[in-house]
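Starting from the given sequences, assemble the full structure and let the hints guide the process.
Below, each chain spelled out in residue letters.
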Amino acid sequence: DGGITQSPKYLFRKEGQNVTLSCEQNLNHDAMYWYRQDPGQGLRLIYYSQIVNDFQKGDIAEGYSVSREKKESFPLTVTSAQKNPTAFYLCASSIVPDQGFKTQYFGPGTRLLVL
Amino acid sequence: AQTVTQSQPEMSVQEAETVTLSCTYDTSESDYYLFWYKQPPSRQMILVIRQEAYKQQNATENRFSVNFQKAAKSFSLKISDSQLGDAAMYFCAYRDLYGGATNKLIFGTGTLLAVQP
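Residue numbers (our numbering), protein chains in the order written: chain U, 1 to 115; chain G, 1 to 117.
It should be emphasised that the hints constitute simulated quantities derived from the structure, not laboratory data. Please note: incorrect hints may appear among the correct ones.
Unchecked claim - DSBU-like cross-link-like pairs, simulated, lysine-lysine; straight-line CA separation at most 35 Å:
#, chain 1, residue 1, chain 2, residue 2
1, U, Lys70, G, Lys104
2, G, Lys104, U, Lys9
3, G, Lys104, U, Lys83
Quick look at the structure:
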């Protein structure tokens, strides 16, 4: 079955530690996205990538980094510079046609907690 | 900048009844897309329904339909014959027609729907 997988489901970070969240898709989508979800707020865009080896900052990129070495994979690293990393992280992907909905489909998410 | 507002933090409906969730948005664009996503307790975001602003006909998907009022910038979701499995957080989202390089979705803060048996 085609879809988006995220791992791990839960992740614990110690102070000063970098951690990496995995996102893999087999939908053959060109574009991938990372969102952060906090209680009482909608999703906020961290980073996005329209093509391999290229990515752009979203609205809240500070303290995060990404890479896009393969079309299927878009890992997110939460660095020690992110002072409030506790949140639910969602990865999404979409096709990139010239027109149309370009609907984003989401993975199951990763819950990040700080020890 | 575009914004999306969901003014009902929580709603409740009896099983088999109908409920309407509200969403308003602000944009200066004339063409755009609107979406409703469902987030059940598993927290997986699931697309419920989508609407193109340049289509006057309201979108429907089985028990789900929208009331799209472009002039009022309103995009409400109606759930008919509510089922226990409909209990979830519902998010309204907006995207510009072309989206630029971002294809950026702008989300509301969500409405938590409870379904009473």
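How the hints compare with the structure:
1. Note on U:Lys70 and G:Lys104: the hinted pairing holds, with a Cα-Cα distance of about 22 Å set against a maximum of 35 Å.
2. This hinted pair checks out: G:Lys104 and U:Lys9 have alpha carbons roughly 25 Å apart, not beyond 35 Å.
3. A threshold of 35 Å between alpha carbons decides the hint, and for G:Lys104 with U:Lys83 the separation of about 25 Å falls inside it, so the pair holds.
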